[in-house]
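Asker: Taking the hints into account, I'd like the entire structure generated from these sequences.
As they're listed, the protein sequences go chains A and B.
Taking this note's numbering, the leading residue of the first sequence gets 1, the next gets one more, and so forth.
Taking this note's numbering, the leading residue of the second sequence gets 1, the next gets one more, and so forth.
Among the hints, a few may not be true.
[To be verified] So the derived list for chain B, only partly shown, Cβ under 10 Å to chain A, looks like this:
{"no.": "1", "residue": "Tyr15"}
{"no.": "2", "residue": "Phe19"}
{"no.": "3", "residue": "Lys56"}
{"no.": "4", "residue": "Phe63"}
{"no.": "5", "residue": "His82"}
{"no.": "6", "residue": "Leu88"}
{"no.": "7", "residue": "Pro89"}
{"no.": "8", "residue": "Glu90"}
{"no.": "9", "residue": "Tyr93"}
{"no.": "10", "residue": "Asp96"}
{"no.": "11", "residue": "Gly112"}
{"no.": "12", "residue": "Pro114"}
{"no.": "13", "residue": "Gly151"}
{"no.": "14", "residue": "Gln154"}
{"no.": "15", "residue": "Asp166"}
[To be verified] In the PhoX-like style, the derived pairs of lysine-lysine whose C-alpha atoms are separated by at most 25 Å in a straight line are:
{"no.": "16", "chain 1": "B", "residue 1": "Lys74", "chain 2": "A", "residue 2": "Lys2"}
{"no.": "17", "chain 1": "A", "residue 1": "Lys80", "chain 2": "A", "residue 2": "Lys258"}
{"no.": "18", "chain 1": "B", "residue 1": "Lys144", "chain 2": "B", "residue 2": "Lys127"}
{"no.": "19", "chain 1": "B", "residue 1": "Lys74", "chain 2": "B", "residue 2": "Lys189"}
{"no.": "20", "chain 1": "B", "residue 1": "Lys124", "chain 2": "B", "residue 2": "Lys189"}
{"no.": "21", "chain 1": "B", "residue 1": "Lys189", "chain 2": "B", "residue 2": "Lys127"}
{"no.": "22", "chain 1": "A", "residue 1": "Lys258", "chain 2": "B", "residue 2": "Lys26"}
{"no.": "23", "chain 1": "B", "residue 1": "Lys144", "chain 2": "A", "residue 2": "Lys80"}
{"no.": "24", "chain 1": "B", "residue 1": "Lys23", "chain 2": "A", "residue 2": "Lys258"}
{"no.": "25", "chain 1": "B", "residue 1": "Lys124", "chain 2": "B", "residue 2": "Lys136"}
{"no.": "26", "chain 1": "A", "residue 1": "Lys258", "chain 2": "B", "residue 2": "Lys25"}
{"no.": "27", "chain 1": "A", "residue 1": "Lys76", "chain 2": "A", "residue 2": "Lys258"}
{"no.": "28", "chain 1": "A", "residue 1": "Lys258", "chain 2": "B", "residue 2": "Lys24"}
{"no.": "29", "chain 1": "A", "residue 1": "Lys80", "chain 2": "B", "residue 2": "Lys135"}
{"no.": "30", "chain 1": "A", "residue 1": "Lys258", "chain 2": "B", "residue 2": "Lys218"}
{"no.": "31", "chain 1": "B", "residue 1": "Lys136", "chain 2": "A", "residue 2": "Lys80"}
{"no.": "32", "chain 1": "B", "residue 1": "Lys279", "chain 2": "B", "residue 2": "Lys267"}
{"no.": "33", "chain 1": "B", "residue 1": "Lys218", "chain 2": "B", "residue 2": "Lys127"}
{"no.": "34", "chain 1": "B", "residue 1": "Lys74", "chain 2": "B", "residue 2": "Lys188"}
{"no.": "35", "chain 1": "B", "residue 1": "Lys188", "chain 2": "B", "residue 2": "Lys128"}
{"no.": "36", "chain 1": "B", "residue 1": "Lys144", "chain 2": "A", "residue 2": "Lys258"}
{"no.": "37", "chain 1": "A", "residue 1": "Lys76", "chain 2": "B", "residue 2": "Lys144"}
{"no.": "38", "chain 1": "A", "residue 1": "Lys76", "chain 2": "A", "residue 2": "Lys2"}
In short, the hints are calculated from the structure, not lab data.
Treat the numbers as computed from the prediction; the structure is a model and nothing was measured.
Note that CB positions come from ideal geometry on N, CA and C, so glycine has one too.
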Amino acid sequence: MKNVLTVAANTFREAVRDRVLYNLVVFALLMIAAAIFVGQISIGIEQSIIVSLGLTAISVIGLFIAVFIGVGLVSKEMDKRTLYALLAKPLERWQFLLGKFFGLVLTLAVNTAAMGIGLFLALWVVKHPLEKMDLYVFVAVYLILLKLALIVALALLFSCFTTQFLAILFTAVLYVAGAFAAGLRTMQGVNLPSSTTAMLHGISYVLPNFENFNVMAAVAHGAGVPGSMVLYATAYAVVYGAVVLATAAMVFSRRDLK
Amino acid sequence: MSTPAIEIENLTKEYPFGFLNLKKKKSLENLSMQVETGEVFGFLGPNGAGKSTTIKLLMRLIFPTTGTARILGKSINHVFMHGDIGYLPEQPYFYDYLTAPELLDYFARFHGLPASERHERVNKMLKKVGLETAKKIQLRNYSKGMLQRVGLAQAILHEPQVVVLDEPMSGLDPLGRREVRDIILELKKEGRTVLFSTHILSDAEMLCDRVGVIVGGKLRGVGAPENLLGIAAQGMEVLFELEREGRRPELLGRATRTGERYRAQLKEEELYGALEELKVAGARILSVTQIKPTLEEFFVDLVEADRAQASAVEVRGK
Chain A
1 MKNVLTVAAN TFREAVRDRV LYNLVVFALL MIAAAIFVGQ ISIGIEQSII VSLGLTAISV
61 IGLFIAVFIG VGLVSKEMDK RTLYALLAKP LERWQFLLGK FFGLVLTLAV NTAAMGIGLF
121 LALWVVKHPL EKMDLYVFVA VYLILLKLAL IVALALLFSC FTTQFLAILF TAVLYVAGAF
181 AAGLRTMQGV NLPSSTTAML HGISYVLPNF ENFNVMAAVA HGAGVPGSMV LYATAYAVVY
241 GAVVLATAAM VFSRRDLK
Chain B
1 MSTPAIEIEN LTKEYPFGFL NLKKKKSLEN LSMQVETGEV FGFLGPNGAG KSTTIKLLMR
61 LIFPTTGTAR ILGKSINHVF MHGDIGYLPE QPYFYDYLTA PELLDYFARF HGLPASERHE
121 RVNKMLKKVG LETAKKIQLR NYSKGMLQRV GLAQAILHEP QVVVLDEPMS GLDPLGRREV
181 RDIILELKKE GRTVLFSTHI LSDAEMLCDR VGVIVGGKLR GVGAPENLLG IAAQGMEVLF
241 ELEREGRRPE LLGRATRTGE RYRAQLKEEE LYGALEELKV AGARILSVTQ IKPTLEEFFV
301 DLVEADRAQA SAVEVRGK
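Answerer: Here it is as C-alpha cells:
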C-alpha cells in the first residue's frame, strides 16, 4: 500500500507541475461570465442555468483530463522510458498501475472539488439566500468524480496494450456507448430478432453505464438526489472500476517494455 | 563454494513481428552464464547483439520466452529480488519535472529507507556523482551526461549487492567516463558485484575481471579480457620525424607520412633493428606502441565467421 501511495503522490505532483490545475482558471472565468450574464436576464431560471452550465463544464473539463492524461499514465512512461528505472525497484507492476490511477483520481478530486466550490459561489451570487437543496450540487459533483474515476480506469486499461491514439479512441467510443447503455436495456418499438435483442441486452450490462452518475437535470431544477442512488452509483463505480483495474494489472503484468 | 551473484540458464527471447505477429525473431538464444560474487563482469557486443535484452530480462522489464535466471539466489520472477539490485538503464530518462534530489528521494522510498536516511544518502550520492551544485535544477534542463550521472546515483543509492549498468559510459565526456570507472572500481572494492554492458574494449580491459562476448544473440565466450579477446600485440607501430638533411632510412619505404611525421608498422622482432636504423639516420622517435586488435575488428571477425557458417549450412542443406 505504501508503494501505491508513493506512486500516487508523485503522479499528483506531476499533474500540479505540468499545470493541469490551470484549467480552474478557465472554469472560474466561465462561471464569472455566466453569473454576470444570468444576473442581467433574471427571469427565474438563474439556478437552472448556472447549475447546468457549471456541472456540464465540470464534467467536460474532467473528461478531457481523465482521457488525455489517463491514457498517458502508462504509455507516456513507456515511450519516455521513465518506467525502466522505476520497475527495477521492489515495486510490483500492479502497485505502479494503482498508484498512477489514484494519483490522477486525486488530481481530479481536487479539480472537481475546486470547481464545485466555484459553482456554489456562482450560484450564491445569482441567487441568495441559498436553500438547503442547493447543497445537492456537491452530490452531483461527487457523482461526476465517480464517473471520471471510471473513465481513468478505462483509459489506463487501454493504454496498457495499445498506442495513445487508439487508447483515446477506445475510451471515447466506450464513453459514448456507455451513455446509451441504459437505453439498450429499455429499447422498445424496434423490430429486432430476439437473439439480437438478447445480445444487446447483454452488452448493455457489460458497457459502463454512465447514466448512473447523471443527476444534472434533477439538481439543476432544485430536486434532491436519493441517498440510495448515491450509494448504488458508488458501489457500481467501485466494482466496475475494480474489474477494469484488475484486467489492466493482468495485461500489464506480462507486458514487455521495449 | 558461494552462490554466484547472477546465474543465467538457457535464456531465450523471441519477439513476434510481421503480419498478425506470426513471425518470430530471436533476440537472444540459449544464453547461459554466471557472474561470480564480487567480480566486475563486462558484457561486450556490438549494437543489437542482445546485451540490453539480457539486462532487461534480468530486470524483469521483458519476459523470457524460455529459460530462467537468478540473482543472489533469488529467481528473477520475484519482485523483491530488486531490493538488493541497482540498475542503470541505457540512455536513462527520468521524470523531467523533478529535481535530482526529488527523484532520488522518490526512488529511495521504494527501498523503505526512513526520511532522515534518505536525505543523507541522497546528498551523499549527488556529491559522489558530481551533481551537488545542480540540486535545484529540474531534470528537463539536464544534459545527457548529467542524466547519466543521476541514473548512476539512483542505481547505487540503496547500496545494493549487485549493480547492473547498461552502457554506463555512453554520453559521457572523458572526465565523466573516468568518474564512472572510479565508481565501478569503488563498488568492486566494497565487495559488490558489477555487471555492465559496453562496446568499448578499453573500458572492459581496464575494469573487468571477466567479460562475456555476445554477438547475434549468442554468447561467444566468457573469460578474462586478455585471454578472450586475444589482446596480445599483433605488432609494433613507430612514430618518428626525420632531420631535413639527414640520411633516409630503409624503413621509410614502409612508412606512411602525415605532415612531418612518419608512421611505420613492424613485426615485434624487427623493432630493435628498425630503432637502430632510425638512430643512425638521426631520426627523432616520438612513440613506440603495440598494435592491438580493436573490439570492432574482433566483432567483425565474429560476425563474418557467423555468416560463413550460415552459408556453409545453407550449401549443405541444398
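Asker: Has the given pair, Lys74/B with Lys189/B, been kept, meaning a C-alpha gap of at most 25 Å?
Answerer: 24 Å, holds
Asker: Mind checking the CB of Asp96/B against every CB in chain A and telling me if the closest is under 10 Å?
Answerer: 8 Å, holds
Asker: For the pair supplied as a hint, Lys124/B and Lys136/B, is the alpha-carbon distance within the 25 Å limit?
Answerer: 16 Å, holds
Asker: Using Cβ atoms only, decide whether Pro89/B comes closer than 10 Å to chain A, and label the hint accordingly.
Answerer: 4 Å, holds
Asker: Regarding the pair Lys258/A and Lys25/B, is the alpha-carbon distance no greater than 25 Å?
Answerer: Measuring from Cα to Cα gives roughly 14 Å; hence the hint holds.
Asker: Once the shortest beta carbon distance from His82/B to chain A is found, is it less than 10 Å?
Answerer: Holds: closest Cβ of chain A sits about 5 Å from His82/B, inside 10 Å.
Asker: Tell me if Pro114/B is really an interface residue toward chain A, meaning its C-beta lies closer than 10 Å to one of theirs.
Answerer: Because about 12 Å separates Pro114/B from the closest Cβ in chain A, which is outside the 10 Å limit, the hint is violated.
Asker: Going straight from one Cα to the other, do Lys279/B and Lys267/B come out at no more than 25 Å?
Answerer: At roughly 18 Å apart (the allowed maximum being 25 Å), Lys267/B and Lys279/B satisfy the hint.
Asker: Using the nearest Cβ pair, does Phe63/B come within less than 10 Å of chain A?
Answerer: It holds, given that the least Cβ distance between Phe63/B and chain A is near 6 Å, below 10 Å.
Asker: CA of Lys74/B to CA of Lys2/A, is that 25 Å or under?
Answerer: Holds, because 23 Å separates the two Cα atoms, which is no more than 25 Å.
Asker: Hinted pair, alpha-carbon criterion (25 Å max): Lys189/B, Lys127/B. Please report holds or violated.
Answerer: Since the Cα atoms of Lys189/B and Lys127/B sit roughly 19 Å apart, the hinted pair holds (cutoff 25 Å).
Asker: Check the hint pairing Lys136/B with Lys80/A against an upper bound of 25 Å on the C-alpha distance.
Answerer: 22 Å, holds
Checked against the numbered hints above, the structure breaks hints 2, 12 and 33 and satisfies the rest.
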